[in-house]
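Student: Sequence:
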Amino acid sequence: MTVRKLGRRRGWAFNIAVPIIKPFLLSTTRREWIGGENLPETGGCIIALNHISHLDPLTAAHLVYDHGRLPRYLAKSGLFDNKALGVFLRGAGQIPVKRDSRDAVGAYAAAVAAVQAGECVVIYPEATITRDPGMWPMRAKSGAARIALETGCPVIPVGQWGAHEILAPYTKRPKLVPRHQITMRVGEPVPLDDLRAQPRTPAVVNAATDRIMDAITRQLELVRNEKAPAERYDMAVQGDRFKKNKK
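Residue numbers (the UniProt record's numbering): 1 to 247.
It should be emphasised that the hints constitute simulated quantities derived from the structure, not laboratory data.
It cannot be assumed that every hint is accurate.
[To be verified] Label-pair distances were calculated between CB atoms; the ranges are:
(1) 16 to 203: 28 to 36 Å
(2) 230 to 6: 37 to 45 Å
(3) 241 to 11: 19 to 27 Å
[As the list claims (entries may be wrong)] Below, computed lysine-lysine pairings styled on DSS-like, alpha-carbon distance capped at 30 Å:
(4) 22 to 175
(5) 227 to 5
(6) 76 to 243
(7) 141 to 76
(8) 175 to 76
(9) 83 to 243
(10) 22 to 83
(11) 83 to 227
(12) 22 to 76
(13) 175 to 243
(14) 243 to 172
(15) 83 to 172
(16) 141 to 227
(17) 172 to 76
(18) 243 to 227
(19) 83 to 141
(20) 175 to 227
(21) 22 to 5
(22) 172 to 141
Each residue gets a CB set at the ideal place from its N, CA and C atoms; glycine is no exception.
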């Protein structure tokens, strides 16, 4: 299902990836894209999603690509350590991030530059797969909010569901049969204009982050037809329930 044609040349990395990844996803998933008209056809933007599986970047790329955009990700720097993979990721315009380090500032600057250049940057504000027992969005990092406040770009919230049934968190063996439903619901841009007019204080950044997560959670509630918990899971307080499965 292609909603819009791609509005620019793909480049060599996407020319390799798309003919491999898209047929795989078409053959192993059933897709429902809702509200795709809210994805900007052109111009810099942030696509902000909840994070439920290591498969998420592929399914999100499918959504974005089907709506005529090329996704750029803030990706773990360790993925770039492999020379061949690093060349490919850089060729696809992906941005390496070293978490909890000074180099993360460089990734922020690169993301800001990408948005200002008209790119579509995909961000998982939680920065890792949710630890919430019900798979609801948890407390987020501030990166998406800070980029949005700096650039003035629209933040498009997406609630997504289904990828975890193919590849559960911190497992290695996907369940490809039967085909699982991937549902992504795209909301309207998160209202941040009033916050952009204020000094960039921690309180303002936190307010923007909360609005983004509220918008993502609302889209996920509509997808799941359930109500999210009143309080978001906070891994710093409640711990990492997947830690024993991580390498």
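Student: None of the hints should be skipped; say for each whether it holds.
Tutor: Evaluation of the provided hints:
The beta-carbon spacing between residue 16 and residue 203, approximately 45 Å, falls outside the hinted interval of 28 to 36 Å. The hint said 37 to 45 Å for the Cβ distance between residue 230 and residue 6, and at roughly 41 Å that hint holds. In this structure the hint that residue 241 and residue 11 lie 19 to 27 Å apart at CB is violated, the actual value being about 39 Å. Straight-line distance between C-alpha atoms of residue 22 and residue 175 comes to about 17 Å, which keeps the hinted pair within the 30 Å bound.
With a CA separation close to 35 Å, the supplied pair residue 227 and residue 5 exceeds the 30 Å bound. Between the alpha carbons of residue 76 and residue 243 the distance comes to roughly 18 Å, so the proposed pair stays at or under 30 Å and holds. Under the criterion of a C-alpha separation no larger than 30 Å, the hint pairing residue 141 with residue 76 is consistent with the structure, at around 15 Å. Restraint check: the Cα-Cα separation between residue 175 and residue 76 comes to about 25 Å, which is no more than 30 Å; the hinted pair holds.
For the hint linking residue 83 to residue 243, the alpha-carbon distance of about 28 Å falls within 30 Å, and the restraint holds. For the given pair, residue 22 sits about 24 Å from residue 83 by alpha-carbon distance, which is consistent with the 30 Å threshold. Between residue 83 and residue 227, the direct Cα distance comes to roughly 44 Å. Violation of the 30 Å bound is thereby established for this hinted pair. Our distance criterion of 30 Å between C-alpha atoms is met by residue 22 and residue 76, whose separation comes to about 23 Å.
Pair hint residue 175 plus residue 243 holds up; C-alpha atoms about 22 Å apart against a cutoff of 30 Å. The suggested pairing of residue 243 with residue 172 holds, with an alpha-carbon distance near 15 Å, which does not exceed 30 Å. With a CA separation close to 23 Å, the supplied pair residue 83 and residue 172 stays within the 30 Å bound. Simply put, residue 141 and residue 227 have alpha-carbon atoms about 22 Å apart, close enough for the 30 Å limit, and the pair holds.
For the hint pairing residue 172 with residue 76, the CA-to-CA distance comes to about 18 Å; that is within 30 Å, so the pair holds. For the suggested pair residue 243 and residue 227, the alpha carbons sit about 27 Å apart, so the restraint of at most 30 Å is met. Distance hint between residue 83 and residue 141 is fulfilled; the C-alpha atoms sit about 29 Å from each other, no more than 30 Å. With a C-alpha separation of about 27 Å, the suggested pairing of residue 175 with residue 227 holds against the 30 Å cut-off.
Taken as a hint, the residue 22 and residue 5 pair is honoured in the structure, with Cα atoms around 15 Å apart against an allowance of 30 Å. Simply put, residue 172 and residue 141 have alpha-carbon atoms about 26 Å apart, close enough for the 30 Å limit, and the pair holds.
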